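Construct the entire structure; sequences and hints are all you get.
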Amino acid sequence: MTLRSILLALCAVVLFVGAPRAADVTLRAGDILTVALPGEASLNKDFPVDRTGSIVLPEIGAVKVAGLELDKATAEIRTALGKAFRDLERLTVVLKERKLYVTVLGYVKTPGSVELPGDATMQQAIAAAGGLAQGAQLDRLQLRRGKEITTFDYKKYLDSGDLALLPALQPLDTIFVPASPLTGNVQIDFDGRTLAAAGDGAEERSSIKVFGEVNTPAIFAYKPDANVIDLLMRAGGVTRYAAVEQIRVINNGKPVVFNLQQYLDTGDAAFLPKIEPGSTIFVPKQVEEIRRGALTVYVMGEVAKPGAFEGKPGASFIEILANAGGPTRFADTRNIRIMHPDGKVDIFDLPKFTEVAGGRLPPIAAGDAIFVPEKTETNEPSWLKVPPNRAVQVMGAVGKPGRYEWSDEMSLFDLLAAAGGPGARADMAHIEILKSENDRARPIRFDLGSFIKNGGSMSQVPRISAGNVIMVPELPVDPADNKSQWTRQASDQSIYVMGQVGAPGRYAFNTNLHFLDIISAANGPTATADLRNVRVSHRNEPGAAVTKVNLARYFETGDESILPKVRPGDVIFVPDRNKEWLDEPAGDTVRVIGSVAKPGRYRFADNMTILDLLAEAGGPTGDAYQEKIVVVNLANGNEQARVFNLVGFAKTGDIKKLPVVRAGDTVYVPNAEQSEWKIFMGGVRDAVSILSLFALLAVR
Amino acid sequence: MTLRPAHILPAAIALALVATLGACGGPWPQAGTGGLAERSALANESYEKAAETLDRLTVEGADRYAAADMVEARLLLTRARREQAGGLVEAATMDLGRFNATVDRIELRLGARRGPTPLQAPASQSQAHQSQAHQN
Numbered sequence: 001m002t003l004r005s006i007l008l009a010l011c012a013v014v015l016f017v018g019a020p021r022a023a024d025v026t027l028r029a030g031d032i033l034t035v036a037l038p039g040e041a042s043l044n045k046d047f048p049v050d051r052t053g054s055i056v057l058p059e060i061g062a063v064k065v066a067g068l069e070l071d072k073a074t075a076e077i078r079t080a081l082g083k084a085f086r087d088l089e090r091l092t093v094v095l096k097e098r099k100l101y102v103t104v105l106g107y108v109k110t111p112g113s114v115e116l117p118g119d120a121t122m123q124q125a126i127a128a129a130g131g132l133a134q135g136a137q138l139d140r141l142q143l144r145r146g147k148e149i150t151t152f153d154y155k156k157y158l159d160s161g162d163l164a165l166l167p168a169l170q171p172l173d174t175i176f177v178p179a180s181p182l183t184g185n186v187q188i189d190f191d192g193r194t195l196a197a198a199g200d201g202a203e204e205r206s207s208i209k210v211f212g213e214v215n216t217p218a219i220f221a222y223k224p225d226a227n228v229i230d231l232l233m234r235a236g237g238v239t240r241y242a243a244v245e246q247i248r249v250i251n252n253g254k255p256v257v258f259n260l261q262q263y264l265d266t267g268d269a270a271f272l273p274k275i276e277p278g279s280t281i282f283v284p285k286q287v288e289e290i291r292r293g294a295l296t297v298y299v300m301g302e303v304a305k306p307g308a309f310e311g312k313p314g315a316s317f318i319e320i321l322a323n324a325g326g327p328t329r330f331a332d333t334r335n336i337r338i339m340h341p342d343g344k345v346d347i348f349d350l351p352k353f354t355e356v357a358g359g360r361l362p363p364i365a366a367g368d369a370i371f372v373p374e375k376t377e378t379n380e381p382s383w384l385k386v387p388p389n390r391a392v393q394v395m396g397a398v399g400k401p402g403r404y405e406w407s408d409e410m411s412l413f414d415l416l417a418a419a420g421g422p423g424a425r426a427d428m429a430h431i432e433i434l435k436s437e438n439d440r441a442r443p444i445r446f447d448l449g450s451f452i453k454n455g456g457s458m459s460q461v462p463r464i465s466a467g468n469v470i471m472v473p474e475l476p477v478d479p480a481d482n483k484s485q486w487t488r489q490a491s492d493q494s495i496y497v498m499g500q501v502g503a504p505g506r507y508a509f510n511t512n513l514h515f516l517d518i519i520s521a522a523n524g525p526t527a528t529a530d531l532r533n534v535r536v537s538h539r540n541e542p543g544a545a546v547t548k549v550n551l552a553r554y555f556e557t558g559d560e561s562i563l564p565k566v567r568p569g570d571v572i573f574v575p576d577r578n579k580e581w582l583d584e585p586a587g588d589t590v591r592v593i594g595s596v597a598k599p600g601r602y603r604f605a606d607n608m609t610i611l612d613l614l615a616e617a618g619g620p621t622g623d624a625y626q627e628k629i630v631v632v633n634l635a636n637g638n639e640q641a642r643v644f645n646l647v648g649f650a651k652t653g654d655i656k657k658l659p660v661v662r663a664g665d666t667v668y669v670p671n672a673e674q675s676e677w678k679i680f681m682g683g684v685r686d687a688v689s690i691l692s693l694f695a696l697l698a699v700r
Numbered sequence: 701m702t703l704r705p706a707h708i709l710p711a712a713i714a715l716a717l718v719a720t721l722g723a724c725g726g727p728w729p730q731a732g733t734g735g736l737a738e739r740s741a742l743a744n745e746s747y748e749k750a751a752e753t754l755d756r757l758t759v760e761g762a763d764r765y766a767a768a769d770m771v772e773a774r775l776l777l778t779r780a781r782r783e784q785a786g787g788l789v790e791a792a793t794m795d796l797g798r799f800n801a802t803v804d805r806i807e808l809r810l811g812a813r814r815g816p817t818p819l820q821a822p823a824s825q826s827q828a829h830q831s832q833a834h835q836n
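Just so you know, the protein sequences line up as chains A and B, in that order.
Residue numbering for the first sequence follows the working numbering, beginning at 1 and increasing consecutively.
Residue numbering for the second sequence follows the working numbering, beginning at 701 and increasing consecutively.
One should not assume that every hint holds.
Unchecked claim - The calculated DSSO-like cross-link candidates involving lysine-lysine, where the alpha carbons are at most 30 Å apart (straight line), are: (1) B:Lys749 with A:Lys657; (2) A:Lys305 with A:Lys285; (3) A:Lys285 with A:Lys223; (4) A:Lys375 with A:Lys400; (5) A:Lys548 with A:Lys579; (6) B:Lys749 with A:Lys656.
Unchecked claim - Counterexamples of contact, computed for chain A against chain B with all Cβ distances above 12 Å: (7) Thr34; (8) Val63; (9) Leu95; (10) Gly237; (11) Asn259; (12) Gln262; (13) Val386; (14) Asp517; (15) Lys598; (16) Lys651.
What the hints assert, rightly or not - Rough simulated footprint, nothing fancy, chain B against chain A, three-plus residues with beta-carbon under 8 Å: (17) 559-567; (18) 599-610; (19) 622-632; (20) 655-666.
Rather than coming from a laboratory, the hints here were simulated on the basis of the structure.
Please read these numbers as outputs of a predicted model, since none were measured by experiment.
Glycine included, each C-beta is placed from N, C-alpha and C at the ideal position.
Printed below as a string of structure tokens:
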């Protein structure tokens, strides 16, 4: 065999292999036929089989060839061309190339018809359509061929590369890429990572729900070969709080406990529970294991690290409390409770132990529980939180009346300070403490005002105990304003002011107050008050005791000793200066009678003279016998009468001629008719009359 | 019986004299005095002492520290002096007694202000101290 013959043989083989064999090929849409007829220029070219399965020949038109084998198609073309051409013996029809016309729709970037090589795969078709769009549901792609719809798992192909998982394409197929249900019904741009983190479980029934102490709880698509470890890893793994021994896997409503720790320790796949479609995996939070031992002591409540502690024999209360981190700022350390296994409960006051020397720590034994309760809120305390045996009640005129927690090392002053202190109207002299013992209440009265003012031994301050009631009474308001207020006031705390004062009435009074306080409280004496004769009746003294107060002299001298000591219950009477004369004692006045302008009784001081008295009485009248004014001294045992020559005194100014006048004496100003001259002249007239009578008798 | 003029005239004159003289020497008491005796010179040693006492108390500040009692004491002394001068001796004595009681009260009040009087060391001890001082 020559070289030339070998090359010809190879060329024949190549031509035979490269061109589709005419005998077994059935034409379809997308095929390209070469129709050749030597000498006819309009036919020597390629003719594609269009989507209708026909080729379009010149001067002939469409000739349907799809579905025909090449030989039959050639005969069909020859027959058709025979209508326009005569010599068709050298006509040849060759299948030059095969192509696929498919349509890609759905979640691809450029959906529409694509032209592919004849042996193209599904992936090539999707790529020709621009690739998959975000949100495509990869495991549910559809291939539509006529009325037939085939669903296939494209993701599975992507995972494995197995082309057998993809259906073969045929011309005019339609590929539909559905949207994932996770995209919802609203078209939005979303982040693929976020979508992946939320899981890919598109169908609720078959998806696996993983939640609890995992980093990214989500719903994942079920995969038959995925185990619980795979799903936990897809959920980002467990958190540091996860109870890995207590993972729950629920299959068909039946929970199974999965001990991850045990699996990791052994690697035994038998510990892996089966995962079924729709399973639920829950990773619970780590819970402290209940510890119990012969030396265990439990510390609960408001401590930094509550829990069970393994103690050593002899461990003290403080050591155990310190191991628990100590009380928190919310702890009620005054009321720590130690609960013993036999049910007995002891209460321990930690601040008291620290403040009072010689205290004793409570013994702690194994099995005891120390409970540190939460202290009562200070903003809005609930009074129910403080039991009666630890509370005192403060009522009345304090800033914040209420129920207060009590501890015996505190004093009455601590309590009043906590209650906001006595108010402006508090009667500090009469604070009352009601002590309850054996179901009987006993009142104690304390003069806080006096104690604060004067001091004294602290033993005088009443000791307050839990359960006591402290009442701070309120001073009454102005008695002229509202009498219903001051009727609440006890009589033995009152003083009575009557007569010529601005506001007579009953006033609250205590031994710290004095005479001027109460006179001032009653708005002071009125303009007509008789200040020289104020009287104080001491009702609480044995017998009848009345003190006369010359208040005018007090104002004159400022001598405090004039002012009487008044006590609660006393009555102060300020008389009227214009009172009835019967009210004036006779020994305190001088009677001025006779020929004066205003006869009457006049008050007389020892530094006054008869001149003052006559002036007070309006002076002698015009018919007064001023040379013989009579003064009758009656007081102090001596009784005598003396005359005063007012005219003579006026002429001489001799003070030695002034007679003594004292309160209780009487001054009489006679009428001029009683003068000696008048009497003499009367006698003369009488004598003349007698003489005239006798003369007449003698003449007869 | 007939009256003769010689008999009538003397009888009429006698009657007229009786009627006229009836107005003379009436029932008026004697003139009073002493009504302002505190302005006159003291005539009694007791009152002189009493006035001196008041002066002393005034110097000691009684007008400030026992003002009301001082007013009372002055009034009582005035009254007593008037009564003494006016012949009311018993009353004057009684009021002088009241004056002295008031003075005692004033003295007490002043004494309370002054405080207790310092105790004097016995003369023998004082002398002993002095002799020791000389020896040293």
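query: Can we trust that Gly237 of chain A is non-interface, i.e. its beta-carbon lies farther than 12 Å from all of chain B?
result: At roughly 96 Å from the nearest Cβ of chain B, Gly237 of chain A sits farther out than 12 Å, so the non-interface label holds.
message: Verify this label for me: Val386 of chain A is non-interface relative to chain B, using a Cβ-Cβ cutoff of 12 Å.
response: Check passes; 54 Å lies beyond 12 Å.
- request: State whether the coverage of the segment 559-567 of chain A by chain B holds or is violated, taking the criterion as 3 or more residues with Cβ-Cβ distances under 8 Å.
  value: Satisfied; 3 residues make the cut.
- prompt: Regarding the pair Lys285 of chain A and Lys223 of chain A, is the alpha-carbon distance no greater than 30 Å?
  reply: Since the Cα atoms of Lys285 of chain A and Lys223 of chain A sit roughly 27 Å apart, the hinted pair holds (cutoff 30 Å).
message: With the threshold set at 30 Å, check whether the alpha-carbon distance from Lys749 of chain B to Lys656 of chain A stays at or below it.
response: OK: Lys749 of chain B and Lys656 of chain A at ~22 Å, within 30 Å.
- prompt: Given the hinted pair Lys548 of chain A and Lys579 of chain A, is their alpha-carbon gap at most 30 Å?
  reply: Holds: Lys548 of chain A and Lys579 of chain A sit about 17 Å apart, inside 30 Å.
Annotated coverage of the segment 622-632 of chain A by chain B, confirmed only when three residues or more have a Cβ within 8 Å: holds (count 3)
query: Can we confirm that no CB of chain B comes within 12 Å of the CB of Leu95 of chain A?
result: 150 Å, holds
- prompt: For Lys598 of chain A, is the shortest beta carbon distance to chain B beyond 12 Å?
  reply: The assertion about Lys598 of chain A holds, with a minimum of 21 Å to chain B.
- prompt: Does the claim that Val63 of chain A lies outside the interface with chain B hold up, using a Cβ gap greater than 12 Å?
  reply: Holds, because the least Cβ-Cβ distance between Val63 of chain A and chain B comes to about 154 Å, which exceeds 12 Å.
- request: Check the non-interface label on Thr34 of chain A: least C-beta distance to chain B beyond 12 Å or not.
  value: 153 Å, holds
field: chain B over the segment 655-666 of chain A, status - at least 3 residues with CB closer than 8 Å
entry: holds (count 8)
Of the hints listed earlier, there is not a single one the structure fails to meet.
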